[in-house]
Every structure is written in C-alpha cells, then in structure tokens.
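S.K.: Sequence:
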Amino acid sequence: MSSGILHEDGKIGTNEDFSGLAGLLESAISGVRASAASSTKIMLHLDQGGKNQLYTWYFGGLLKESPNLDFDVFGLSYYPMWHGTMEGLQYNLNYLATTYNKEVCVVETAYAWTTEDGDGEGNVFISGDEEVGGYPATVEGQFEFMNDLESIILNVPDDKGIGYFYWEPEWIPVEGGTYATSAGVAYKNDTVTPSNTWDNMTLFNFQGNALDSIKVLNKPCENLLTNISFEQNGITTSPSGWNVWTSDSSDENTVRTEYGDAYDGDYKLTFWDDKEYSCSVYKTYTNIPNGTYKFSIWAKTNGKQDVLQLYAKNYGGSELDTTIETSDINWNIFSIDKIVVTNHTLEIGVYSVAGANDWCNLDLAMLRKID
Numbered sequence: 514m515s516s517g518i519l520h521e522d523g524k525i526g527t528n529e530d531f532s533g534l535a536g537l538l539e540s541a542i543s544g545v546r547a548s549a550a551s552s553t554k555i556m557l558h559l560d561q562g563g564k565n566q567l568y569t570w571y572f573g574g575l576l577k578e579s580p581n582l583d584f585d586v587f588g589l590s591y592y593p594m595w596h597g598t599m600e601g602l603q604y605n606l607n608y609l610a611t612t613y614n615k616e617v618c619v620v621e622t623a624y625a626w627t628t629e630d631g632d633g634e635g636n637v638f639i640s641g642d643e644e645v646g647g648y649p650a651t652v653e654g655q656f657e658f659m660n661d662l663e664s665i666i667l668n669v670p671d672d673k674g675i676g677y678f679y680w681e682p683e684w685i686p687v688e689g690g691t692y693a694t695s696a697g698v699a700y701k702n703d704t705v706t707p708s709n710t711w712d713n714m715t716l717f718n719f720q721g722n723a724l725d726s727i728k729v730l731n732k733p734c735e736n737l738l739t740n741i742s743f744e745q746n747g748i749t750t751s752p753s754g755w756n757v758w759t760s761d762s763s764d765e766n767t768v769r770t771e772y773g774d775a776y777d778g779d780y781k782l783t784f785w786d787d788k789e790y791s792c793s794v795y796k797t798y799t800n801i802p803n804g805t806y807k808f809s810i811w812a813k814t815n816g817k818q819d820v821l822q823l824y825a826k827n828y829g830g831s832e833l834d835t836t837i838e839t840s841d842i843n844w845n846i847f848s849i850d851k852i853v854v855t856n857h858t859l860e861i862g863v864y865s866v867a868g869a870n871d872w873c874n875l876d877l878a879m880l881r882k883i884d
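Numbering (my numbering), first residue to last: 514 to 884.
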C-alpha cells in the first residue's frame, strides 16, 4: 500500500495527494462496519517496518486527509536484510502504538536457515544478506532472529504489540513450483522459469521435515517478572516484586519510583542521590526450570556512573553483565541475551556505582525463557 491501491483511483498523487486513497479506504472500511462482521479488526499494512520515515510520511498524509479513518491495527512487513535494523523496527512499533494509540502487528517476516538452494534456481536470500540481517543463515540463527523479534513485539508499550505472521513457512521446493499456479501465470501473461526463490527461508527443510526453529511458533513464554513497569504502589522506595539494596552512605530514597516521563505506563524506577551512592534493584529465583533466558530493561541515564549495568549471576556460570550506556534523551533497551541456567537458580538485576547527581531511569523489565 505504500504507493496507494487500485491505481489510478487510489494512487498517492503528486504533491502528496492522499485524497483518492483515503476515499477508497473510507468506503472499504464502511462496508466492513456495515456487514455481519462489523466487529472485525481492520488493519492497514505497509512494508519496510524498520523505516519510521516511511510510516510518518504515509500515515501523516493519510490521516491528515481522513483524520477519523476507522482502523484498529498497524500492520508491518519486516525482513531484517531489507527493511532496516531491529532497533529501527522497535522504534517504529513504539512510535505507531504510542502516537496513534493503536495495536501493531508484524504481518510478514522470515529469515534464512541456510544459504543453500533447494531447487537450483536461485534464492532471494543469499550469503551477503547474513551480514546485513545480523544473524547467521542457520537453523539456530533463524530461531535467534525470531526470538528477538518476539521480544521486540512484547516490548511495545501498553501491550499493543499483538503478534507476528511468518511468511512463508512451508514453501519448500517442489517440481514445477513457482509464485503461482500455471493458470495464474498464464492469466498474467507472464513467462517464468518454475522455481522457488524462498525455499531457504521456510520452517521446513528441502525434504519437508520440520526444523528445530519451528518451536518459535509455540506460545511465547511469559515474563517471569512482576510489577514490570513499576506501576504498583505509586511512589515508593519498595516496589512490589523487586528487592532493593543501597549502600550505607546512600539516602533511603536513592532508589524510588517516580511519576511521569515513563516508557510504559505512568511510573518509572529512578536511581539518584545528591552525593555518591551505590545501589541495585534485583530479583532472585531459586526453583526455575533450567534452560536459556533473556533479561532486558528499558533505560534513560546521563551515563556518567562508574558502574551502571544489568547483571545475571548464580545461574551455574560466570556472572554476565551488560553496560547501560548514555541515553539521556530517549529510552533505549539493554539486555543480556543468553543466560544458560543449569542449577534452577538465578539472580538478575541492575547495579550502579555513581557520583553525586548521576541518574538513571528504568522501566518495562522482562525475563523470559527462550529455549
């Protein structure tokens, strides 16, 4: 839809004229609302999900022409080798959800599990796409991409990220196969060599056997943390669901929740003191299933602390740390991606050693079992 629909009537015109497109969408939506399926959610879908500039231009122009356009969901296509970075996708999803107060959904995505060619006719994903996409073209790399995508969607504020669709999971190479049936190709007066250029981005191997990565389609593992956005208790120095530690020299309110300028909801957790301080907020588990976990949290900070980091320890391996870097204007997400628990025990948290007036804000924490 990025150039409109049903050209020429619904084509976006010169000087960014969205009037034709807006009129067609208004009519189509009115038809749905007048039908027996009037409660059906209506989605508007664009490609290039990691490129916010396209979405601000497109929906800015469309909704200027039709401010009350009655739709429910923003749909985005996202392929990391073509459509921008994962960080760009997260930003765009968050922007759409918070700016327009609507749900968002990644309605088309995939990644390669190999660079081999199942039918010998070429593929759209080739070896150089691994570097751009950011993941190896292996079954494990495909699984890792989908897990990261799932986390991005779950991190959209106010639970407005509703899911994703994998395209096209079962399009394995078969004799004579192409993008359409022979009748469809003939109808378009097209001439194509029967081929499947998508056969290395399926969730099945070339023989039709399910890959291990297909387990990513199981129901997402729940967030094991509670009070994840520090919304409970109002303003407090003892947020429910968390343990707080401060050094003897710190004031009792060095760690506290504050109202306003939050990433998710109304409250955030703040580290601050007018003198040097050390503190942490953490959670300990003593009977969790062994497996691989991911811990993430959103943060803003002046970045001048001696130490400011996420950590994971007591899980059966060496302590893992991720530094929270300077982010004093926008919220950014920081994570520890592969915490392999082998003893049913885990402590995760955020630790700071800071000077006077150094500050950090935290919000929307997540701990999920990913494998």
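Fair warning: there could be bad hints in the mix.
[Claimed, not checked] Calculated cross-link-like contacts (lysine to aspartate or glutamate; reagent style EDC-like; alpha-carbon spacing at most 16 angstroms):
1) K615 to D585
2) K817 to D841
3) K882 to D850
4) K728 to E539
5) K673 to D632
6) K796 to D884
7) K673 to E688
8) K851 to D871
9) K564 to E600
10) K882 to E860
11) K788 to E681
12) K577 to E539
13) K826 to D841
14) K817 to E789
[To be verified] Derived Cβ-Cβ restraints for the label pairs, each shown as a range:
15) Q720 to K554: 55 to 65 angstroms
16) E634 to K817: 20 to 30 angstroms
17) A696 to L582: 51 to 61 angstroms
Honestly, the hints are just simulated from the structure, not real lab data.
Since this is a predicted model, take the numbers as computed values, not measurements.
Glycine included, each C-beta is placed from N, C-alpha and C at the ideal position.
S.K.: Enumerate the violated hints, using their earlier numbering and listing them in ascending order.
M.R.: 4, 5, 6, 7, 8, 11, 13, 15, 16, 17
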